[in-house]
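Read top to bottom, the protein sequences are chains P and E.
For what it's worth, the numbering used here labels the leading residue of the first sequence as 1, then goes sequentially.
For what it's worth, the numbering used here labels the leading residue of the second sequence as 1001, then goes sequentially.
For the record, the hints were derived by calculation from the structure and aren't laboratory data.
Being a predicted model, the structure only gives us computed values, none of them experimental.
Every residue, glycine too, gets a C-beta built ideally from N, C-alpha and C.
A portion of the hints provided could be inaccurate.
Said to hold, decoys possible - Only some residues are given here: those of chain P computed to face chain E with a beta carbon under 10 angstroms:
hint	residue
1	Q91
2	Q145
3	F158
4	L195
5	A290
Said to hold, decoys possible - Here are the simulated DSBU-like pairs of lysine-lysine, each with C-alpha atoms no more than 30 angstroms apart in a straight line:
hint	chain 1	residue 1	chain 2	residue 2
6	E	K1151	P	K292
7	E	K1151	E	K1161
8	P	K292	P	K360
9	P	K306	P	K218
10	P	K306	P	K177
11	P	K292	E	K1148
12	P	K306	P	K292
13	E	K1161	E	K1148
14	E	K1161	P	K292
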Amino acid sequence: MALVRREFRAYLRRTEGRLAVFAALAAAGAVLFGLVGTTALRQRQAELDEAVDRRGALTSAALDVYRAFADADATSLDAVLVDQQRSPGLQQAFRDDVSHAVDALREAAVRDADGGSAELVRRMTELVPQYVQLVETGWTATRNQQPVGTSYLAQASFLVRGEILRSADELRGEQVKALTEAQRAASTQSWLTYLVGVLLLVVLFAAQRFLFHRTRRKVNPGLVLATALTLVPLIWLPAALLVAAHHVEESVVRWERVVAPLAEARKLGRSADGNEARILIYPAAGDIIALKADLGRIRALIEETKPITDAEPGPERERVDQAATALHAWIAADEALDPESPLPYPRTAALVTPPEGDVKSHAEQVDEHLTAAITGYTAGSVEATASARGVLGGLDVLFALLAGGAAIAAPAGLWPRIQEYYR
Amino acid sequence: MIAALLLAGCTTPAAPPTPRSAAPLVLPDGYADPGRTAPPVPDCETPEGRARHDPRRTLDPALLASDAAGRPTGAALARIRAEGLVVGVSQTTPLLGRRDQVTGRMEGYEIDIVNRIASRLFGADLAPDDPRLRLVTVPTGNRLVALKTEKNRAARRADPKLADVPTVDVVLANVTFSCDRVANHDIMYSTPYLVTNAGILTRSGAESRDSLAKLNGRKVCAASATTSIADLMAAREATGIRPVSVPDSSECLMLLQRGVVDAVYTDYPVLQGLHLQDPGTTLVDLPGQGGGAAGLAMSKDHDDLIRFVNGVLAEMRADGSLAQARQRWFVDEVRAARLGEPVPPLGLPPVSYTG
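Just chain P, same shape as in the assembly (with noise of 0.2 angstroms):
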């Protein structure tokens, strides 16, 4: 054995055995470039696929959730504030609204069975069938001209806003942080892989220096090609993740500085248009200083998104400030709510319900140019998701072959120079 060993570190000392060990080395380093370098593109494709396809779809749900319910509330309300002949309409709208908040929780429940949203899935979902017997409970009650309809329906208002509508922000405020998260992570630089590849350089410049120094050839044409197939992808990974990082970027701005702050006034707009009934079904203190508060806060919040709805000229920016004009029109309507001055119900009631016929309230005009906002904007930002996904295809299949290149050039450039050793 120590024979073996002995004539082992002899044969190292010679060339033909240097010479081996760069070629061992260089495939070995290639190979592991190619791993590594391959393992960081695929895991950065696969975080933004999730982006786009499951946390995007998770977001949209948890957005869904939180509308749908909110209107749900609001209608349950105004549907005994109109007349009989009005409140079937508003009552199939509820329906429909609650049929669409279980479609989204079950979209919710699908796509994320084992994660973290599961439980509050599970929370809202269990308590849907009670506040839907709640409101109906209500309503027959309201139409057979019982007040006891004004507790159900006040009970459910409480639960869908202090259980379900809270649910659903934690919902969506776990969604929308976990789909920033997965995009950041997706465009950050593959530190290792820049390691192994310069390392696996070192390698083959030390090749080339130990073959120069013992053969007088001034070039190797395996080492040069395996340098050069080393060198591309160093040069283009970064590049790479830098255009897909500025896609993200875009995006997760969309997301937080457009997309969330319009979510949030539109979430705001439907708690006010529950609100606004509320007054009128069973009063509460602070109610009137509440919606005030909530249309304030609204008017905050698509302000907030100005400097950058401002830069980018376009229907989304259109629906934007189409909702801050109704905005502003539903401020003035309420100014009337004077609790100096209370005015007679049947004012109040057509103040607060919506109007007949195809006419939409401030409040359904203020919800409706939101949704088409946030709607444009989400697609933007999963459009900018996609281009960086774009940016990024393919690429871990040509730097795979790239590296597999430079593992075999790299031998087959030294193994003449081994041979004559032998010869």
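Position chain E against the provided structure of chain P, taking the given hints into account.
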């Protein structure tokens, strides 16, 4: 033995039962178990304090000034004639005050009284939507804060949430006489327009539940911070009941229907209104227990308004319209619903004025 062991080894173990989630019990906002009573008012703990804030003290309509045309005058009355009369009412108490949510029209014993006051004040009967009379629903639990008194203004300044409690001239929402209310809100009551005792409303069934003692271990509901929940809390030791409270007695009916509580305890006329909404319940009168006299609550600074309202009530007593209104709502309406023979309403006590 070996065969049995082999067989046992080959048998697949039974799968653990799938956990079944129970639907969480949803309770109304402000539900309290045990029930929430109003905080004690130190002024009402002493005989001197009780005398100072005696809810029966009210003003004599005979001393109300009149103009040359014989029309009652005063600062508050002049303002109301110019701006309209705003009255805080309950909209969830059938027989006393109930609102049709769609038309906004209100009806009940208390609404009859309001209409009479308005017609005397403005000199003619008002049409249902006449803007000179505004019936405003005031937030439960803050009804008396709606009156324009110095203490209420201070309360509003201290709690920003109270800023949007509407301001009204009169509160007419089954406000029973209480020293605490006079002391806390600087109000003065009119002469009483309703005298009640308590009752119990339970789900109908084979078991007799006609007294608090028979509700041992069961949940009995009343509105928060009322004399009814105070009665229940006091009876807890002797009867073994479990008092719970919610902001509005109408919510007690909902909890009774949902099986969350077993009985509702409050003034008998209020329970009559709840009983009308659910024929599957049984109403029991508790003569001599609980209840009390109710009056219209006004700011003690509005002497002219208090005298005017007392004058209208005196007129209604004298011409029999007050008794007729009580008969119509608490007897005829109940009888028409075919829910058994109603207990006649209690008569009103003799009136005395202190100033």
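Review point. If you check each hint against the structure, which ones fail?
Key: 1, 4, 9
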